[in-house]
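J.: Sequence:
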Amino acid sequence: MILKEYKRKSISKPEDVAKILQAILCSEHEIDQDKEHFWCIGLNTRNIIKYIELVTLGTLDMTIVEPREVFRLAIIKGVKSLILAHNHPSGALRFSDNDIAVTERLIKSGDILGIKILDHILITKDDYISMKSDGLL
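Mapping the sequence shown onto this note's numbering, position 133 (from 1) lands on 142, and the numbers just tick up by one.
By construction, these hints were calculated from the structure, which means they are not laboratory data.
Where hints are given, some of them may not hold.
Said to hold, decoys possible - Calculated cross-link-like contacts (lysine-lysine; reagent style DSS-like; alpha-carbon spacing at most 27 Å):
#1 LYS89 x LYS125
#2 LYS59 x LYS18
#3 LYS134 x LYS59
#4 LYS141 x LYS44
#5 LYS141 x LYS89
#6 LYS18 x LYS86
#7 LYS125 x LYS28
#8 LYS59 x LYS44
#9 LYS117 x LYS89
#10 LYS117 x LYS141
#11 LYS59 x LYS141
#12 LYS117 x LYS22
This one's a predicted model, so the numbers in the text were calculated from it and none came from an experiment.
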């Protein structure tokens with residue numbers, strides 16, 4: 010199982026997350042690889058992965074993300090922070106206006122709950138971008 014390989018791994022840069030999620034995505038059935046995924050990576054106080062959760066599996070070009078779904082496991086597991094991530098099956102390596110709006114909503118929700126959103130990473134099969142690195146977060 011891929012997750013076991015990455016559990017207890019400390020996250021220090023967006024590339025770490027991108028590699029993990031690209032490996033997970035590539036291990037899925039070919040049909041599911043062509044759907045938009047939205048993941049949350051729960052981290053402890055030392056930025057060590059406590060869990061990786063596929064929050065939603067959408068369609069070819071969208072997925073619905075609600076704060077209650079994003080923070081449910083984070084609260085149960087008692088994480089300090091989250092890294093958000095999703096893929097664009099089209100290969101487009103650009104955050105949409107909706108991606109930015111969803112992230113802003115999740116940051117506000119996290120602030121209320123005391124769970125910090127550290128980054129939002131967009132992956133394709135062989136590349137990635139980071140909201141934090143791009144100055145959008």
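J.: Take the hints in turn and mark each one as holding or not.
T.: Hints versus structure:
1. Proposed proximity of LYS89 and LYS125 is supported: the alpha carbons are some 7 Å apart, at most 27 Å.
2. At roughly 9 Å between alpha-carbon atoms, LYS59 and LYS18 fall within 27 Å of each other, so this suggested pair holds.
3. For the hint pairing LYS134 with LYS59, the CA-to-CA distance comes to about 24 Å; that is within 27 Å, so the pair holds.
4. This hinted pair checks out: LYS141 and LYS44 have alpha carbons roughly 24 Å apart, not beyond 27 Å.
5. Straight-line distance between C-alpha atoms of LYS141 and LYS89 comes to about 18 Å, which keeps the hinted pair within the 27 Å bound.
6. For the given pair, LYS18 sits about 17 Å from LYS86 by alpha-carbon distance, which is consistent with the 27 Å threshold.
7. Pair hint LYS125 plus LYS28 holds up; C-alpha atoms about 22 Å apart against a cutoff of 27 Å.
8. Distance check on the hinted pair: LYS59 and LYS44 sit about 25 Å apart at the alpha-carbon level, within 27 Å; holds.
9. Simply put, LYS117 and LYS89 have alpha-carbon atoms about 15 Å apart, close enough for the 27 Å limit, and the pair holds.
10. About 16 Å separates the Cα atoms of LYS117 and LYS141, which keeps this hinted pair within 27 Å; it holds.
11. For a cut-off of 27 Å, the pair hint linking LYS59 to LYS141 stands: about 21 Å separates their Cα positions.
12. Under the criterion of a C-alpha separation no larger than 27 Å, the hint pairing LYS117 with LYS22 is consistent with the structure, at around 23 Å.
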